[in-house]
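K.L.:
So the protein sequences, as listed, match chains A and B.
Per my numbering: the first sequence = residues 4 to 427.
Per my numbering: the second sequence = residues 157 to 711.
Keep in mind that the hints are not guaranteed to be accurate.
Subject to a maximum C-alpha distance of 25 Å in a straight line, what follows is the list of computed DSS-like cross-link-like pairs (lysine-lysine) [said to hold, decoys possible]: (1) B:Lys-354 / B:Lys-433; (2) A:Lys-407 / A:Lys-31; (3) B:Lys-484 / A:Lys-249; (4) A:Lys-249 / A:Lys-231; (5) B:Lys-668 / A:Lys-169; (6) B:Lys-571 / B:Lys-555; (7) A:Lys-407 / B:Lys-686; (8) B:Lys-354 / A:Lys-249; (9) A:Lys-169 / B:Lys-671; (10) B:Lys-205 / B:Lys-190; (11) B:Lys-449 / B:Lys-707; (12) B:Lys-550 / B:Lys-502; (13) B:Lys-484 / A:Lys-226; (14) B:Lys-362 / A:Lys-280; (15) A:Lys-249 / B:Lys-362; (16) B:Lys-484 / A:Lys-280; (17) B:Lys-555 / B:Lys-205; (18) A:Lys-169 / B:Lys-362; (19) B:Lys-659 / B:Lys-686; (20) B:Lys-354 / A:Lys-280; (21) B:Lys-550 / B:Lys-205; (22) B:Lys-671 / A:Lys-407; (23) B:Lys-502 / A:Lys-280; (24) B:Lys-643 / B:Lys-205; (25) B:Lys-671 / A:Lys-31; (26) A:Lys-362 / A:Lys-65; (27) A:Lys-31 / B:Lys-686.
Hints are computed from structural coordinates only; laboratory data are not their basis.
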Amino acid sequence: MTEMTKPEIWQDVPSPFCGIASDDLQIKVEGLTVSIVENGDDVTRKGFETPITDVSPRINGKDVSLDQAISHITHLLRDSKQPVISGMATDLNGARSAIALADKSRATIDNMDSAASMRNILVLQDTGYMLTTLTEVRNRVDLLVVVGSDIEASYPRFFERMVWNKESMFDQDIASREVVYLGKAPTGNASTSPQGKKAQVLVCDDADLPEVMSVLRAIVNGKVVQAKQVGGIAVSDLAVLAEQLKQAAYSVVAWDAGNLEIAHAEATVQTLCEMVKDLNLDTRSSGLPLGGKEGSITANQVSAWQSGYPMRTNFSRGYPDYDPFLSDTKRMLDNDEVDTLVWLSSYNIDRTPPTSNAKTIVLGRSGMTFEQEPEVFIPVGTPGIDHAGRTFRCDGVVSIPLRKLRDSGLPSTFDVLTAVEQAL
Amino acid sequence: MLTRLTGGKLYDPAHGVDGEVRDIYIRDGRIINKPLDEKITTEIDLRGKIVMAGAIDMHTHIGGGKVNIARTMLPEDHAQDVIARTELMRSGCGHAAPSTLTAGYRYAEMGYTAGFEPAILPINARQAHMEMHDTPIIDKGGYAMLGSDDFLLRMMASNDDQQAINNYVAWTLTHSQAIGIKVVNPGGINAFKFNQRKLDLDEKNKFYGVTPREILLRLARAVKELGIPHPLHVHGCNLGVPGNLNTTIDTMEGIEGLPMHMTHIQFHSYGTEGDYKFSSGSAQIAEVINKHKNITADVGQILFGQTVTASGDNMRQHAAHPHAHPNKWVSMDIECDAGCGVLPFKYKDQSYVNALQWMIGLETFLMVDDPWRVFLTTDHPNGAPFTSYPHLIKLLMDKTFRNDVLSTLHPEAQKASHLGSLDREYSLYEIAIMTRAGAARLVGLADRGHLGAGGAADITVYTDHADREIMFSTPDYVFKDGRMVVKDGHLIDVTWGTTHVVKPEYDNSIEKELKPYFDRYHTQKMGNFKISDDEIVDDGRGSLTVQPLHKGGPI
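Bound-form chain B, shown alone (with noise of 0.2 Å):
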């Protein structure tokens, strides 16, 4: 079985490919060069037609138990996006908060073959595998997150040495069938169960005396070294408190070089000034990004209309409460391993906070100067459910579009942002970069995100349409590892990704003190909190493809 997908314009950037006419060859799933002498069995004709890698989201909150909350908490909200049965498709619900078949092949329709949910609370790891593996199509992974896990505070607070911190680190990623590490509000959600209200970079946790600071500085490092390829995926402190500019910048600059990513920066990006006492800092934020290439950044770009904010960080969801809309909302506390926060939140476009939030988001984006180092996200659900991602392209590919919805919005935001100077139009090629080539480096997939030899054959044609939000709402075809899933916008097979993880190498010895402290504190034994490659095969559907690792090796 030979296709050839023939004449299409490339986009591919991992082969500094930008909008040249080449074929592309596919076997057994994956693209091959051009065979010598194998006969074609089917050909498709892409003349005319834009070529892009599957798009890749490398932040969006698709499994886990606050996503599932967030779902259980809006029945109001799926009324009006319920979703039929058909001869293919499961019958399920959209918006803010889809069903997880309903996100599968949404994404799909939209070009996307993978998504990662970002806050993998290790306790709950096995229900968001459950959930990632119930969904269709696109494949998926996640990050595990720490930080305000009792074990490694207790390490911290008894100065244990690196070593034994990346065995924990390893140890926790294996275990919980992660790709890469994430820390939410870092300590801030332990601090939180101590009644401490907020934690600066450099406050102390009441109990441990260990800052946010240390935190980030040990995981950091326990990823470089541990030549895990996803830089640590940082959701700093602070969240969407006025003047957090500052806590984001010296967050970025403490990393002491380490590569760290900094994600949906949007909401970590505002400063005090102005009769409203808020204010963008997105040109200090891009600013420091530009200059210090170990940083990378999502941006969380908010879009108007009702949604749902998901989040580990309890400590701050708690705080925004008040602006639940439709006022119901939940917290909790978690196992001594994290927390998580689920709020309603309606964006609007005549509020000045969320006018400037939109704005602060688009000003990010157009000014970090390297695709590679910022990345399309409204961090769904929390900015806006993914399938915004069209008209957010629009957004930042067309001035002309965006200054117009621009001066829709609040006047006294619109005085206050200099988006409206703001010439930069993204490229189809910066496109590609950051919702392809640059997505699966930075999350560390080395056989996606490209067209090239031995690239699985994760594909999306497009036609090239003036309005783009109509040319990437609509592909022409998606491809997943080979098979054609979508034809013209629409699903037309269904097919079951894979769980992408990383296997660094560690010292098996951290279960001895792992076990004991199971045993003590935990009310589930250490054996059955791991996850076993089983259990992502589960009924078959499943399966695990190993990432390689970076080279680590202590700094």
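The shape of chain A in the complex, shown without the other chains (with noise of 0.2 Å):
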């Protein structure tokens, strides 16, 4: 719970707007303006502090009432004969109703991130793995190796409180804690230590990165490897590497499937988790995917326990039929098969529909602006400042309940599909 010291500053503000989802904010409202006063961050700042402009719905560009808007969009999904709700960027009661709708209205629901959480949601479909989450990391972690990743250009406060952090549970030297780059290098200096000890880099190009992964996970089997280098890297240092994960007592291998842009990086996902199930034959190991923007983790949670799959999920037989591939919103919008797009970004004003020829509807946050103008747009509410919600973290353990800082009279995503689904 969030409580109120003052009449105008909130403690403990859960923030929605990074996977991580750090909750000890302190947050300022003066009427509709918003602003953190500590532990604000550039994700969050942008999150919380987006001013709303427009508060009216329109059709076409014109301003209209909700109830018009509402009704419009209920006559395009009854005459769409190929519905696609995606985006999907809500919170938990944003995503029931966004399932409900799609069910009844047999759309196709999808995600703007699910071509970064496949990557992790096909390992899972074909292998599994051996995962921990971020309390566990700020607690027992003595070897982080980062894949391919920038963590702290999404999530800018991961070292700071998963690996700086000020003390352990478990009376470890925290400064001892070893950080190593995989593939990318990072973009600042959040990886480098109170004591100033840097993070060790292993640079190689994005297109490299299954080769290295797959040759650091056969040293750590102990396959003699006849190269010298792989993908730039020599792999002296890889054994170096796969020594330190095995005398690590609880290393974490983390990436951020967003960052991995390569075919197939599902792969490289699989490679990597296979060889933390290796590890784990003698040490512990465990693997860390960083994600979970926009409620995308929500939205493969609340969409597998409606209908048993996550998203790219198809109603239009009458029941729920997965398929990651066909059910792309954009390979489906660009082969135009889509007829009526609905996209649902509460949280976000630069994430806004692709283009296309598909009658679309926007449910965004306040401020955005298009492109090619959607037919019907309605500002909805920001969960976690206009309205009360719950949201999941990336590790898709913890969730959050999100409060209400302010009244901006916005209706909720919730409120307008519900209302749509209902009419329908």
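Take the two lone chains and join them into the complex the hints point to.
P.N.:
Below you can see the structure in the form of structure tokens.
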């Protein structure tokens, strides 16, 4: 629960804007203006401080009432032969209402970041993995290996909160923690310890990452590698890293699937996850998938429990039909398979729908600007600012309660979609 | 509005009613005594029908992180059982890890009106409640998992007094909105994080020096002293390990007479005799249960076919991973709180071990004398999906059928079991005890599981079919809080059940320790960990029912 100490200052406010969902923010609210007083960063400042501009729903650019907009969406969905509900950047109840509506309107559901999350989900569905969660990392990690990802760009407080925290409950010497980057070099210094120890960096091109990961796994398993270097990294350096992994008591191998922009990145994630399993024959090691921006974990979770399947599930035949390739929003739009697109994006004004020939409905954060004015636009409230809600963190285990911080009068995604579902 | 269910043959063990013809009166969702002069608005003729309270599944994995991992992991399993949307029902999927909506519909269609999630990780409780909120018709609730959480182990390592532990247990139960306390591989999930690969009853956690036996005693005592009606719910050490029967007996005998529920005891009843070094320990286990009146157990029967195992016990699940079928599995360390492991599994009737597991479960049902202390579960979905309950009931009620199945199983396993010589057949009255009256008493539901005045009108009506599987698969009627939701085995209405909890009293000064603990070590604030009553009510469809406590107090 968030407590209000003074009328306008909120303590322990959770942020839905990045996957680590820090919940120690101090926030000031004056009228409709929100600002972070303490524990902000680039991601959360933008998330909380983006001002409200437009408040009126629009049809083809003209202001209309909310009822008119809802009625228009209902007509579009009623006439649609292949609707897609995508984006899915919303909270728990927004996701619930979107999936209920997809079920009723025989739509396909997808998330704006499915390309990234599928890199992990496909591994889960093929071989599985051994993972850990943020509090375990904070207290136990002795070796952090970051694969192909620049963590601090997307999760600015990851190192402060999970690696260079003041103390571990197991009396670990925090300063002795090791950080190794494999693939990308970090863009900043968040991974440098407070004592000034820099992360070790083994750089390769993204395109070489699959090979580098495979060789590292092979060395961990005691295989002899004839090559001297792979992707520009000396095999002897990988051998040192393999040894560090074997010697560590609780290594954590982290990646952000959104950063792995290579073809079939799921295969590299799989190699990484299988290496972690191999390490656990003797010691402890865990994977840590970072992600979960814009409610993507929430969308996958709710979809899984309501339908049995994650995102990219199609209800056009009356039952859930999961296909991670065919039900990709972008592929469907590019192929002109979609006549009506419902785009949910309540967190970030920059996450607008892809341009397409489909009739487009946007339930978006106030302040969005469009390359192509959607047929219907409803500015909706942002979960955790304009209305209460719940969202999942990147680990898919912890979910946090989001608070209503101001009274903007903007409807929630749930309000709008539930009204549409009832009207259908 | 007064409804009379006329002329049914009632099996209501809570009131000692064994097959007597009686009328039932329902008003405002409750069963009432025969009113003196009120007009009956609806009458349903139940002459010749069997009437029981709605069934209660006291241990079923229906909500929470590991179940949802299982769902996401198994598209190929869902594909065989996808459910199309109807006017009444949402689409979904069934079989091993059904969608929440389908699970609710199917439970109701089998005459079940409540199910309890047995492994709610406090840190994941919010998700468990989200999923149960999306599970229609049935009532729900759950047991909060403790015993591998670092806060408890720290308290024990520093030898805190029992009162402090009671406060922590009550605080956790209250803020995770649970009705009971569960312990899974006591301390073992924690030990696995320190790379311990097994933890026997008297083996110490490497870091804390605390043993499973001590954890069980502390928690069982807390539950008793707090007056929580549901006894400490125990998934013991060494699940699935041949020879674990000795640990299980030691666990039951070592609890010093405190109330304790041993869950899926079939998985903990294995000896090491014979050529396969795997034998049935059910006779010894049943003997100990029969002797110790403080002990209850559910069986965790396995049935043959594909399923998925989802457990908090990642130490044991990790060890079992070579048996995953298909070969994919998940193990997680979770938040200095607990863990989980998910493995798809296929029980094969021509496997010696699986066949013997099937026999051990049935032997346990048949050798525990008191049906008030043994409960019908498959540990859904770990032993088999809950949809196999009617089949299991037939195995218990029909010796000929049971022995016919037995004769088709692995021949060496048949020789290793004396199941064929057990003549017992469960009666309808005993089935009603196991699945209704006993389950309600065990969970602590004062107003469920019986047909007396004041009880909720959760009622199931069957045709007395000689084939008990058919009978229990397709009730004639199911009433949920007085509303007819199933007719002729098919859903006709969708309602939303309540969430049952208990709210023990405790000293809230425990937060003076917990708040800085969360601040220093956790990645979530204490205030954000707590689940408010409003979150259970949620969009208005949910509700909380606070069940009465037992008399507590220091032992």
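K.L.:
Taking the hints in turn, state whether each one holds.
P.N.:
Consistency of the hints with the structure:
no.: 1; hint: B:Lys-354 / B:Lys-433; verdict: 19 Å, holds
no.: 2; hint: A:Lys-407 / A:Lys-31; verdict: 13 Å, holds
no.: 3; hint: B:Lys-484 / A:Lys-249; verdict: 23 Å, holds
no.: 4; hint: A:Lys-249 / A:Lys-231; verdict: 21 Å, holds
no.: 5; hint: B:Lys-668 / A:Lys-169; verdict: 20 Å, holds
no.: 6; hint: B:Lys-571 / B:Lys-555; verdict: 18 Å, holds
no.: 7; hint: A:Lys-407 / B:Lys-686; verdict: 17 Å, holds
no.: 8; hint: B:Lys-354 / A:Lys-249; verdict: 21 Å, holds
no.: 9; hint: A:Lys-169 / B:Lys-671; verdict: 17 Å, holds
no.: 10; hint: B:Lys-205 / B:Lys-190; verdict: 20 Å, holds
no.: 11; hint: B:Lys-449 / B:Lys-707; verdict: 18 Å, holds
no.: 12; hint: B:Lys-550 / B:Lys-502; verdict: 22 Å, holds
no.: 13; hint: B:Lys-484 / A:Lys-226; verdict: 23 Å, holds
no.: 14; hint: B:Lys-362 / A:Lys-280; verdict: 22 Å, holds
no.: 15; hint: A:Lys-249 / B:Lys-362; verdict: 20 Å, holds
no.: 16; hint: B:Lys-484 / A:Lys-280; verdict: 11 Å, holds
no.: 17; hint: B:Lys-555 / B:Lys-205; verdict: 24 Å, holds
no.: 18; hint: A:Lys-169 / B:Lys-362; verdict: 24 Å, holds
no.: 19; hint: B:Lys-659 / B:Lys-686; verdict: 14 Å, holds
no.: 20; hint: B:Lys-354 / A:Lys-280; verdict: 18 Å, holds
no.: 21; hint: B:Lys-550 / B:Lys-205; verdict: 18 Å, holds
no.: 22; hint: B:Lys-671 / A:Lys-407; verdict: 23 Å, holds
no.: 23; hint: B:Lys-502 / A:Lys-280; verdict: 22 Å, holds
no.: 24; hint: B:Lys-643 / B:Lys-205; verdict: 13 Å, holds
no.: 25; hint: B:Lys-671 / A:Lys-31; verdict: 23 Å, holds
no.: 26; hint: A:Lys-362 / A:Lys-65; verdict: 16 Å, holds
no.: 27; hint: A:Lys-31 / B:Lys-686; verdict: 23 Å, holds
Consistency note: the structure conflicts with none of the earlier hints.
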